[in-house]
Amino acid sequence: WFQNRRTRWKTKQLEKDYDVLQESYNQLKANYENLLQEKEKLKSQVLELSEKLSMQENEKGTSDSSSTKSPSDPLQQEHVTDCVNDEDVTKVSND
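To convert, note that position 44 of the sequence shown is 44 in my numbering; the numbers rise steadily by one, no gaps.
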């Protein structure tokens, strides 16, 4: 009788633990999917803004066609440095 009782208690405890883990997994999965959607939205925003920036630079270049543009344009350098994050730098320095 005690063995059956102990077995039932262990089974119930396992079911509770499983339910807790299942709920935690579902929350993490939902959070992950939300992050993926947010990432895609941000990527599309970056593409839109970079297209706008390039269009503005092209318009600026056509209006200032008489002046020569230096290869080290500060605006372009700023854009490139914004694209590189610290993780990329540490990966390169560690290799």
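Honestly, the hints are just simulated from the structure, not real lab data. Take the hints with a grain of salt, since some may be wrong.
Unchecked claim - Restricting the straight-line Cα-Cα distance to at most 35 Å, the calculated cross-link-like pairs of lysine-lysine (DSBU-like) are:
#, residue 1, residue 2
1, Lys39, Lys52
2, Lys16, Lys29
3, Lys10, Lys29
4, Lys39, Lys10
5, Lys12, Lys41
6, Lys29, Lys39
7, Lys29, Lys43
8, Lys52, Lys41
9, Lys29, Lys41
Evaluated hints:
Distance restraint check for Lys39 and Lys52: the Cα-Cα separation of roughly 20 Å lies within the 35 Å cut-off, and the hinted pair is therefore satisfied. Simply put, Lys16 and Lys29 have alpha-carbon atoms about 20 Å apart, close enough for the 35 Å limit, and the pair holds. At roughly 28 Å between alpha-carbon atoms, Lys10 and Lys29 fall within 35 Å of each other, so this suggested pair holds. For a cut-off of 35 Å, the pair hint linking Lys39 to Lys10 is broken: about 43 Å separates their Cα positions.
At most 35 Å may separate the alpha-carbon atoms for a hinted pair to count; Lys12 and Lys41 exceed this at roughly 44 Å. Proximity of Lys29 to Lys39 is assessed by CA-CA distance (about 15 Å); at most 35 Å being required, the pair is judged to hold. Proximity of Lys29 to Lys43 is assessed by CA-CA distance (about 21 Å); at most 35 Å being required, the pair is judged to hold. Between Lys52 and Lys41, the direct Cα distance comes to roughly 17 Å. Compliance with the 35 Å bound is thereby established for this hinted pair.
For the hint pairing Lys29 with Lys41, the CA-to-CA distance comes to about 18 Å; that is within 35 Å, so the pair holds.
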